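Chemist: Chains as they are written, first to last, in this note's numbering: chain A, 610 to 970; chain B, 610 to 970; chain C, 610 to 970; chain D, 610 to 970.
Calculated directly from the structure, the hints in this document are not laboratory data. It is possible that part of the hints are untrue.
No distinction is drawn between identical chains; accordingly, a pair holds when it is met within one copy or between any pair of copies.
Here are the simulated lysine-lysine pairs, BS3-like style, with alpha carbons at most 27 Å apart [said to hold, decoys possible]:
{"#": "1", "residue 1": "Lys669", "residue 2": "Lys970"}
{"#": "2", "residue 1": "Lys859", "residue 2": "Lys783"}
{"#": "3", "residue 1": "Lys669", "residue 2": "Lys646"}
{"#": "4", "residue 1": "Lys783", "residue 2": "Lys657"}
{"#": "5", "residue 1": "Lys725", "residue 2": "Lys970"}
{"#": "6", "residue 1": "Lys646", "residue 2": "Lys783"}
{"#": "7", "residue 1": "Lys657", "residue 2": "Lys646"}
{"#": "8", "residue 1": "Lys797", "residue 2": "Lys970"}
{"#": "9", "residue 1": "Lys814", "residue 2": "Lys725"}
{"#": "10", "residue 1": "Lys669", "residue 2": "Lys821"}
{"#": "11", "residue 1": "Lys832", "residue 2": "Lys969"}
{"#": "12", "residue 1": "Lys969", "residue 2": "Lys657"}
{"#": "13", "residue 1": "Lys963", "residue 2": "Lys646"}
{"#": "14", "residue 1": "Lys970", "residue 2": "Lys832"}
These figures come from a predicted structure and were not determined experimentally.
So you can see what is in the structure, the chains are spelled out below.
Protein chains: 4
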Amino acid sequence: MTNEKFEMSENSFSEHDQKSEIFDDSEYQEHTQHMRKYETMEGFPEIKGYNFEEKFDFDKFTDSFKNTGIQATNLGMGIEITNQMIENDTTIFLSCTSNMISSGNREIIKFLVKNKYVHAISISAGGVEEDIIKTLRPFVIGTFDISGRALFDKGVGRIGNIFAPYDRYLYFEKFMQPLFDRIYEEQKSRKIPFTTSEFIFELGKEIQREEKYEESVLYWAYKNNIPVFCPALTDGSLGDLFHFQKLKRKDFYIDILGDHQKIVNIVLNAEKTGAILLGGGSAKHYVLNANIFREGLDYAVYITTAQEYDASDSGGNQQEAMSWAKIKVNAPNVKIRAEASLVFPILVAATFKKKFDRDKK
Amino acid sequence: MTNEKFEMSENSFSEHDQKSEIFDDSEYQEHTQHMRKYETMEGFPEIKGYNFEEKFDFDKFTDSFKNTGIQATNLGMGIEITNQMIENDTTIFLSCTSNMISSGNREIIKFLVKNKYVHAISISAGGVEEDIIKTLRPFVIGTFDISGRALFDKGVGRIGNIFAPYDRYLYFEKFMQPLFDRIYEEQKSRKIPFTTSEFIFELGKEIQREEKYEESVLYWAYKNNIPVFCPALTDGSLGDLFHFQKLKRKDFYIDILGDHQKIVNIVLNAEKTGAILLGGGSAKHYVLNANIFREGLDYAVYITTAQEYDASDSGGNQQEAMSWAKIKVNAPNVKIRAEASLVFPILVAATFKKKFDRDKK
Amino acid sequence: MTNEKFEMSENSFSEHDQKSEIFDDSEYQEHTQHMRKYETMEGFPEIKGYNFEEKFDFDKFTDSFKNTGIQATNLGMGIEITNQMIENDTTIFLSCTSNMISSGNREIIKFLVKNKYVHAISISAGGVEEDIIKTLRPFVIGTFDISGRALFDKGVGRIGNIFAPYDRYLYFEKFMQPLFDRIYEEQKSRKIPFTTSEFIFELGKEIQREEKYEESVLYWAYKNNIPVFCPALTDGSLGDLFHFQKLKRKDFYIDILGDHQKIVNIVLNAEKTGAILLGGGSAKHYVLNANIFREGLDYAVYITTAQEYDASDSGGNQQEAMSWAKIKVNAPNVKIRAEASLVFPILVAATFKKKFDRDKK
Amino acid sequence: MTNEKFEMSENSFSEHDQKSEIFDDSEYQEHTQHMRKYETMEGFPEIKGYNFEEKFDFDKFTDSFKNTGIQATNLGMGIEITNQMIENDTTIFLSCTSNMISSGNREIIKFLVKNKYVHAISISAGGVEEDIIKTLRPFVIGTFDISGRALFDKGVGRIGNIFAPYDRYLYFEKFMQPLFDRIYEEQKSRKIPFTTSEFIFELGKEIQREEKYEESVLYWAYKNNIPVFCPALTDGSLGDLFHFQKLKRKDFYIDILGDHQKIVNIVLNAEKTGAILLGGGSAKHYVLNANIFREGLDYAVYITTAQEYDASDSGGNQQEAMSWAKIKVNAPNVKIRAEASLVFPILVAATFKKKFDRDKK
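Just need the whole structure built from these sequences, with the hints factored in.
Modeler: Here it is as structure tokens:
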């Protein structure tokens, strides 16, 4: 628990109410002596859910999460912390695994990037390529429960319950050829390989060739000069295409070392840094690791299905991150245990969307 | 996938588009020959998230879930199926574990019971007692991360991130004494023990003594004659209180066999049955098991964090339930993988709340 | 962390080693000043896995879990705590969900009950009926991935990847008829309904009629007078059969209140109590709740896939249980995050099996 | 289900036993007409757990997993599939997240690499650096439940319940300096940057300077010329050190594109490929993606805690991988849902350890 309203620690109990004489001695009490001693916790915020008999009010509805308990309370805290980030001119990192781009959360990420509400992106390779692919041709709603054989026979890849027909990857290949040519030529002329984020910047520029380029996250990142980091760029179809480039052009390189300086500079120059981390993987860890350079994030909102108990970094909680100076020990922080397609739209509706409406006025 | 719009099966692919000549042969294709064969899946619903640049519209927002992919699509289906239940005059069973009553979902369940939108409840013992307890004194927002020792020393029980000071249980005991006396007398005069649901009915009647009785789920269940089943009534603090009754009154009984007939009659007499199952445990299974008597539910919406892989009934999916005739093989059904405090409010906002607004007019 | 060897607390760090001059100032250190201050943690047990180049030794193998880290360390602790229970003549409660009986863990539970290594059982209704059913006809290995329709059409119920053909339930019904008759007659003559555990005791007695009765957990519980508690007895096929009894015999009762006294007496009379809890549900909670009467278990080993974050009792951790006096605040305790078919056989191999071998000599 | 013994499909039911006259019509049957129709499934392998009354036999014990049901059956299948890989001279890929190296599974991976039982490794960046770090100084057993502040104050990083004092990273930095110098010089002289796997190869060579170099996975990989792939090399402390190199040496590069060719060649030249995938992340995906070049792995064993429902690649199941030609549609495959420190030691004990003992004779 982190922000003022919810402040709760082992020292926060008042001492005045330890015993009470309002109850008679009863058998129940005789057998449960320890229950005679208690704090009444008066004044603490009560658990209370939304009242649907009133006229529906979305703001009241999202406000009610805080007092609902369980993960709704965590979502409520995530909203408060995100609003604090916004108010305090925080440099905000957004990390996401590729499924966030496969899904409709892509449009919401685009909204954030287009409006410069986030200031650096960290993403897995699939997210980079799928943003381009979906600008060419959409993915469609599928189902989790279908045999791999049936889909393989039809030439349709599956991402959870999202279907990505193989032809999308053929369009992608076609799209990439001129870009590869251009980048290779530029590399030769400037004599310095492109870093990963520079390459992604070029992708965002190149996508303007396509009709629906304004749907692309990478386009807006290019347009708004928001760096997109991808610590494992070759881990996917993009890596395959690079492989064929490399077969023809032995001296084609991508510089993975150069981006570290860029992200470290952002971290060091920011007055405050915050992170909204959708899922885990290297996309998440890359943001956390960079923030060690300032001894930790000032705000952190995790949305994840991964658990602590397996000691993975993906599942690691904020206390673990604090032990590594990835998050400041006094930073407002929360982990919302949920699949992000359910929760991220609500988080954005109650935070960045409000800023958008304020700014428009 | 179950309802029309989303209908998807291994046979639903059209065959006409197996090959395409629009792509040149490239190295990429040479190495991935299998990708030459694909379905374009034109006409399938596209993955697309909500557009926050438009004026916020809650209905459009919840509509967007269906097309967002991953669990948002499942929530979208849950909304559709629930609306189908409402339209088709379905007899709706609601099951929940006790943490749903501990949390603010209690107010939402109360809304459903008060307005007769659900027709039978199945609940775990903690849910029965906590509805009464919270009518006497509220629970408060706490934190997951606090030592057991700190809370034990202060006399505060913890339910996830919800705090339940021990005094609540002392108030509960006080409240129960006259009810136990009354019920014992009635049992002696009518010469038939109360069944579990009859006992819970009396609780809902008795709570009228308290100022805030209209907050109680059990009060509205009593008032509206909606049966509340609790297959494990003694598993909790209520069991402890019964234990002390039993010490004094050896012939005090609760009849657990009698309720089966009541739930089976509801199942057999309904034109259609549906279930909204929040979490697992005996509360969930009791509803599923009863519906075997009609060879399965006609609609099923699961909201749960439990997984299939451990072969528990709590985690068991709808296909497993179908194998037992608990759900009809052609019934619209969905499992939303989420903690219910996050999702149930949204589900209700997009379904029963709309009915409420329609009915009010 | 609980037992001596692993004792670890925020105060257990020695203070003498805060700074070190062995490292030169380097750029890395300049940028990560906070890393100049550290504990070396010398003398703490090192992380080290098993050495497969030596002759395989099962005892060394299981000993190696403690030092392996992550959940293996928790399993190592579970083994130590269970061995402590055995050494200290602890009254051991075993709880399990019904899938433990569906699976081969049934044979291991039978081993424990037959040899009086556990002293009270708490089980869900499915566990009671499936122990009898499997004594009549076995369940077979199936698969998780099969449609409900296929199984329904063939008359086969599915429990995870275990198949239970419907005929098993018909055999079960046949088996139960004479027992129901006998119990009803006895109830009429003794004028007191059977409690749940008394009824289960009679099941264990009745199963002797069958050829393979020595495979039954309930038989050995009967034989060794080990009480079997089942707080939700009617939640399953047994409930359905009771329902038909009740239709003919309105005055057929099962007393659910009576068992509370039995379990409370065990709890109060034990010098020390311990619990091995396989999965959650009412089977787990019933054991924990009863131990409030002695202000908590002295030992607790959880094996579960359920998580804390949903605030369910099934997922509730030991710190939560301590807040309710269900586990003593200083009790050795551990939660092994695993599906129990993988872990329980190993736990028993490294604990009760060794006692068995010692006792036999 | 995949291998012969367990072959199970919707067509595998025999038709001869659809009806039976052995049961009388009873009330139960009248109400559950659908149960009159069933398969008896005679001849299917019965569910049966290990018998602890016999002399303990580890081989029989691990054999018993197959018939235990639930995840034990999956572990039994994992053992069978792994043994098939061994018998059929399969080129085996091992992927793991860094926590596998943090934990004692490192020693088991070392055993496999030292004895050339696996033929390519894919690992996350933390795994590369921690293998070196632990060769310098060990990690120690910690606890999950400790505040981040306490550890930060003491200079101790936490990885689940494993403690990594900060000084380890200072030793690591010291160790790396001469290697960076050497590699930079070699890069300048050969005029081609090192690829990621080449760099890791040099790490394995360099570690020979240290006393305990034979404990290192990377040493044995170097010694046995087993390539170690790391698609996100800079995502961790190694990335930080590279960053400082880059500040001094602008022309220091690591070539991430080059490794693709190496892994693709392994994939294309292998007669059969198999994968043992511990956890998810880019380490897992990189192996799967490479195997698209041969239209899929011939064998796959997943050990993971990640779930399908969030549509992440980490949680993606084998059917999803088949849709992408990452696994052949008829390949033996299994997903064991477990934290790998519990299961991987047993898998190795029942497979590679036996080969080791056979080979030694």
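Chemist: Determine for every hint whether it applies to the structure shown.
Modeler: Status of the hints after comparison with the structure:
no.: 1; hint: Lys669 - Lys970; verdict: both (22 Å within a copy, 22 Å between copies)
no.: 2; hint: Lys859 - Lys783; verdict: within (21 Å within a copy, 34 Å between copies)
no.: 3; hint: Lys669 - Lys646; verdict: neither (37 Å within a copy, 47 Å between copies)
no.: 4; hint: Lys783 - Lys657; verdict: between (55 Å within a copy, 24 Å between copies)
no.: 5; hint: Lys725 - Lys970; verdict: within (17 Å within a copy, 43 Å between copies)
no.: 6; hint: Lys646 - Lys783; verdict: between (73 Å within a copy, 17 Å between copies)
no.: 7; hint: Lys657 - Lys646; verdict: within (26 Å within a copy, 45 Å between copies)
no.: 8; hint: Lys797 - Lys970; verdict: neither (48 Å within a copy, 58 Å between copies)
no.: 9; hint: Lys814 - Lys725; verdict: within (17 Å within a copy, 47 Å between copies)
no.: 10; hint: Lys669 - Lys821; verdict: between (36 Å within a copy, 22 Å between copies)
no.: 11; hint: Lys832 - Lys969; verdict: within (20 Å within a copy, 50 Å between copies)
no.: 12; hint: Lys969 - Lys657; verdict: between (34 Å within a copy, 24 Å between copies)
no.: 13; hint: Lys963 - Lys646; verdict: neither (46 Å within a copy, 43 Å between copies)
no.: 14; hint: Lys970 - Lys832; verdict: within (23 Å within a copy, 49 Å between copies)
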